[in-house]
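Asks: Sequence:
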Amino acid sequence: MRTVPALDRGLRILEFLASQPKPVRVTKLIEELGIPRSAMYELLNTLSQHRMVIQSNTGEFSLGPTNMMLGGAYQSRIDFDVIAGEIARKLEQEVDETVQVGRLDGRFVFYVAKAESSQRVRLISSIGARLPAHCTALGKILLAYLPENIFETLFRDIVLEQLTNRSINDLSILRQQLNTVRNEDIAFETGESNIDVYCMATPVRNSEGKVIAAISISLPLSRAVESHLHQLQNAIRKAGMEFSCRLGWAVARQDHT
1 MRTVPALDRG LRILEFLASQ PKPVRVTKLI EELGIPRSAM YELLNTLSQH
51 RMVIQSNTGE FSLGPTNMML GGAYQSRIDF DVIAGEIARK LEQEVDETVQ
101 VGRLDGRFVF YVAKAESSQR VRLISSIGAR LPAHCTALGK ILLAYLPENI
151 FETLFRDIVL EQLTNRSIND LSILRQQLNT VRNEDIAFET GESNIDVYCM
201 ATPVRNSEGK VIAAISISLP LSRAVESHLH QLQNAIRKAG MEFSCRLGWA
251 VARQDHT
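Here full-length UniProt numbering is used: position 179 in the sequence shown is 179, and no number is missing along the way.
Here are the simulated DSSO-like cross-link-like pairs (lysine-lysine), alpha carbons at most 27 Å apart as the crow flies:
1. K90 to K210
2. K210 to K22
3. K90 to K238
4. K238 to K210
Quick list of the computed label-pair ranges, beta carbon to beta carbon:
5. E31 to K210: 29 to 35 Å
6. G71 to E94: 27 to 33 Å
7. N206 to M1: 26 to 32 Å
8. M69 to K210: 19 to 25 Å
9. A129 to L70: 34 to 40 Å
10. E31 to I54: 17 to 23 Å
11. V82 to R175: 32 to 38 Å
12. I173 to V225: 25 to 31 Å
13. S227 to T3: 35 to 41 Å
14. I54 to H228: 48 to 54 Å
No lab work stands behind these hints: they were computed from the structure. Being a predicted model, the structure only gives us computed values, none of them experimental. Note that CB positions come from ideal geometry on N, CA and C, so glycine has one too.
Turn these sequences into a full structure, and let the hints steer you where they fit.
Replies: The structure is reproduced here in C-alpha cells:
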C-alpha cells in the first residue's frame with residue numbers, strides 16, 4: 001500500500017515527541033528520525049500552524065493542544081465491549097483456543113467477551129459469569145494491579161474460596177504470586193478454577209496506563225505442552241498490547257508499531 005512520505009514523517013515526529021518525557025531540540029529530532037534539516041523545519045512549521053506541536057522560548061518542541069482534542073474525541077467514541085469482542089475473535093482465530101476478556105467486580109472477575117475455540121475439547125463458560133478472582137489467571141492480573149489499600153479492604157478477614165484442590169487458599173501465597181505477575185505482566189492458572197483447564201492472561205490498559213481488564217487464553221491441560229504454551233504466551237502478550245493500543249495507551253501504540 002502506498003503512503004504519503006511527508007505525512008509519514010510528520011506522524012513520526014508526533015510519535016517521537018509523545019515518547020519523550022520533556023521537550024526536544026530540533027537537532028535531536030533530526031538525529032533520531034533521520035529527516036533532513038530543511039524538511040524537518042518545514043514539517044515543524046506546518047505542525048505548529050495546526051497546533052500539533054508547540055515551541056518553547058528555548059526553541060524546544062513538544063506536543064501541542066490539538067493532540068489532546070483529537071485524543072479526547074477518540075476516547076469519547078471508544079466502545080470497550082465492541083473492541084473486546086473484536087480482539088478476542090482475532091486472537092482465537094490465531095491460536096484456535098478459547099479467549100476471554102474479564103473485568104474486576106470486587107473480589108470476583110466477570111467475563112465480558114469470549115471467543116470459542118473450534119477444538120472438540122474446549123472450555124465451557126459464558127459471558128456474564130463470575131468467578132473468585134484469585135482462582136483465575138484473569139483475576140490474578142486484575143488483583144495484581146489494584147492499589148494496596150483496596151486489596152487490603154477486599155481481602156481483610158476473608159477465607160479464600162477454593163474451586164478445586166489446586167485453588168490458592170493462603171493469602172500470603174496469593175500475594176507472592178501477584179508480585180510475580182506485576183514483574184512479568186502475565187498470569188497463569190493450572191487447574192485452579194477448573195481441574196482440567198490451563199489458562200494464561202495479560203493486562204489491558206487504558207489511555208492512562210491503568211489496568212482496567214485482562215485477556216486470557218484457556219485450554220485443556222492435555223494440550224498444555226511447552227511448545228504450544230510458548231506460542232500462546234507470545235500471542236497473548238501481543239493481543240494485550242493491541243487491545244491497550246485500541247484504548248489509547250501510548251506505550252502500547254509505540255511497541256505495537
